[in-house]
Amino acid sequence: MYRSLILAVVLAACSSNKDPFAAGIDASGSGSGSGGDGGAIDAPSAPHACVAAPKRIVVLGDSITACSVIGGPQNADCVSKQFADYVIAHYGPGATYENHAVGGAVMADIAGQLAGVSAAQGPTLVMLFIGGNDLAPYIFKSDAEAMTAWTGTIEPALQSVYNAMFTTLADASKFPGGATVVMNTQYNPFDDCAAGPYNVSLAKSAILAEFNAKIAEISAAHATASIVVDQHTKFLGHGHCYQQATCPHYLANAAPYMQDLIHANAAGNAILSGVDNAGADRLYRDCTH
Amino acid sequence: MREALIVACVLGLAAQLGHAGGFYVPEIGGRASGLGAAVVADGDDPSATFHNPANLVGADGFQIEAAADLVLPRVTFFRRPLTDPNTGENLHFAGVDNTNKVIAVPFLGASYRLDPRTAVGLAVYTPFGATLGFPVDGAQRQIITHIALRTIYLSPAIARALPGGFSIGASANLVYSDLVLDQRNAIPYVTGDPEQYPDPQGELQGTTHLAGSDPFTLTATLGAGWRSADGRVRIGASVMTPAHLREKGDARVANPGISALFDADNNQLQPAGVRTDQITATIPLPLVARLGASARLGERTHLELDVNWTRWSSFQELVVDFGHEYELLQTPGANLYDVHVANAWHDTFSARLGFETSPWSRALALRAGLVLDQSPIDDRHFSLLTPDSDKLGLTLGASWRVGHFDLQLAVAHLFVRDRDIEPTASGPGSDGTILNKPAPSFFHGVTRAGFSILTFAVAWRQ
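Residue numbers (our numbering), protein chains in the order written: chain A, 1 to 289; chain B, 1001 to 1462.
It is worth saying that the hints were derived from the structure and are not from the lab. Positions of the beta carbon are idealized from the N, C-alpha and C atoms, including for glycine. Just so you know, not all the hints are guaranteed correct.
[As the list claims (entries may be wrong)] The calculated lysine-lysine pairs, modelled on DSS-like cross-linking and capped at a C-alpha distance of 25 Å, are: (1) Lys141/A / Lys214/A; (2) Lys214/A / Lys55/A; (3) Lys234/A / Lys214/A; (4) Lys18/A / Lys1101/B; (5) Lys1437/B / Lys141/A.
[Claimed, not checked] Quick list of simulated restraints, FRET-style, between CB atoms: (6) Ala157/A / Pro1215/B: 48 to 54 Å; (7) Ala76/A / Asp1379/B: 54 to 60 Å; (8) Ala157/A / Asp1378/B: 49 to 55 Å; (9) Ala76/A / Pro1271/B: 16 to 22 Å; (10) Gly152/A / Arg1380/B: 31 to 37 Å; (11) Ala115/A / Val1319/B: 35 to 41 Å; (12) Asn1436/B / Glu155/A: 42 to 48 Å; (13) His1340/B / Glu217/A: 39 to 45 Å; (14) Ala52/A / Asn1266/B: 29 to 35 Å.
Based on the provided sequences and hints, a complete structural model is requested.
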């Protein structure tokens, strides 16, 4: 054994520090995956049937609506607080604001959050923003893993979770005045752009588009009890790639909306609430009788 | 005691790259360094406190020795090229060299014969250690940018001569140790797959800094010796008992993608971009058993052959335990969590041959040594954290006695077998090394290493 060792080390001692990989490797050029058209949906712009003015505003969801990294649900910058203030000021004077969202929540947690909502008289306006934590674990995994998770786990869960939610909201003993849901689609922190440094593939943007389309589809199936609002489009060009001129949604001098990897900053929260406020307008002001 | 250790630190005791298997550094003492550390049977100077305390009985009167090893490490890593799965780009990585070119490792020892049969010794030395730095933007940065494991032994010893040429000795080893590990991190690794981001750039990257210390661990060295009546043949054996270092300290993980941390009342506990936590890293020090035999080949020539066995199999896993496992992002699984790095090191043997002669004068001694040393690390578990490999060492030394002083010089070079880690299904990193996730491509490449050691020592003998 040591004879071979001696030979090996002597040979090593005689060798240079020349790069053994100077010739490189065969270029395989696997590419960045299939392209996607982004996560925008054709959010219904037609007037919604008018609903009764809310007596309470209930917020469900994850850290985005819990405002976990922007001062909490009572902070003036919080999307949920801004939305509630807007609705109370314009359509539901005297309405209450309950935020049941929890940082880190996934879709399966919505049932628990709803269970924590006590029965109360009067119409309820529910604002829901969920699904980001179901998608987030796959942002930095392979396209194949992300697609498998979407088709095998996330999409089926999306349907069942929302079905269960609408069943609960239809429970007259808990929501005697009825409930209407503002369903938020997901924004893309990476601007539907595969540029660096994150290099989140267009295939994953396409999955996000499918997710958002599914939200719209579910909302359409529960049209009398919900509307969908498009958070995706407003964020394009303001995510982590906002300075990448090569990105399709690049806007010169665009303001950044991201605070950290996945959460919106104060400006981003203002944009989110603006989209939600417009949803409230459709329910209470620009509606059809 | 603690103050003495602190003083020792201030004097500049530093660890060197372990170059005798794992992170074991037996080249302690000027004479021993010239003989390839083949001194377990015949080593009657203050360094016997480390090599074999029983040999202290052979040290006359009062002796004191100060030595400094200057270790010149050379480690070069060529990461294997690959295709970025995200961008399709072919990634070619420039070779990286270690950035620390000289490491000083002092030794200070003394011995005193109390009576014809009893002697005592006291020494400060660093038998285990590893210090390496690499460029913060190099191809190795996710594995290591800097590591420094230091152990500082303060060892009082006593030896006793027995009838029949036998002797025994023991030292108590009071060990201070500390550990620093720096790496680059990347936010996609928190929830994602490191293999999807083999060369993260820009704001994806951050730094991870772990630092801990263990102020006190106790081990012992037990030794025995025998010499023939005419003193021409000697046999020695010694055992260093194992121990576990528990390095307690802090971790600081910085990355632009980390969210601020809030408590239940929305009070900010930690700011965005950085997370700190308490850590404990447990590092075993192995049992080391040494056996040597020496022969006097005439009045002025001496030859010794030693065999060392080191139970490195005690180092199966490196665990970094995070105290609070704080959240990094508000998404499931995105938090600090305990990191387990599989080691599965093997027990090792090393053979050491030392030759010493005084051809012209007793005042001048010339020495040479040969070392064959196994590495405890197989290719499956090899990484730049401990870039060890099988080694062949050649040493030369000389000493010149001037009055009560002995001036010693030794040079050594260790030729280290290259490591060529090829892509395989079960190579290093495949069982989860970056945040417990498989990341084999980060380990694929060629590592070339070599070490030179210059030892300067001065001894005073009564």
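| message | Just to be sure I understand the hint, the distance between the Cβ atoms of Ala76/A and Asp1379/B should be within 54 to 60 Å; is that true here? | response | 59 Å, holds
| said: Please verify whether Lys1437/B and Lys141/A have alpha carbons no more than 25 Å apart. | reply: 12 Å, holds
| Is Lys214/A close enough to Lys55/A, meaning Cα to Cα at most 25 Å? | Measuring from Cα to Cα gives roughly 29 Å; hence the hint is violated.
| query | Are Ala157/A and Asp1378/B spaced within 49 to 55 Å by their CB atoms? | reply | 44 Å, violated
| Range hint 48 to 54 Å: satisfied by the CB atoms of Ala157/A and Pro1215/B? | 51 Å, holds
| Distance restraint evaluation - Ala76/A, Pro1271/B, Cβ atoms, bounds 16 to 22 Å | Holds, since Ala76/A and Pro1271/B (Cβ atoms, about 20 Å apart) stay within the stated range.
| said: Lys18/A and Lys1101/B were given as a pair; does the straight-line alpha-carbon distance stay at or below 25 Å? | reply: 19 Å, holds
| query | Keeping to a limit of 25 Å between CA atoms, is the pair of Lys234/A and Lys214/A held or broken? | reply | 19 Å, holds
| query | Do the Cβ positions of Gly152/A and Arg1380/B conform to the proposed distance bound of 31 to 37 Å? | reply | 33 Å, holds
| Taking the beta carbons of Ala115/A and Val1319/B, is their distance inside 35 to 41 Å? | Holds: the Cβ-Cβ distance is about 39 Å, inside 35 to 41 Å.
| query | Regarding Ala52/A and Asn1266/B, is the given constraint of 29 to 35 Å on their beta-carbon distance met? | reply | Check passed, 33 Å falls within 29 to 35 Å.
| Between Asn1436/B and Glu155/A, does the C-beta distance stay in 42 to 48 Å? | Violated, at about 28 Å.
Comparing the model with each earlier hint shows violations of hints 2, 8 and 12; every other hint is respected.
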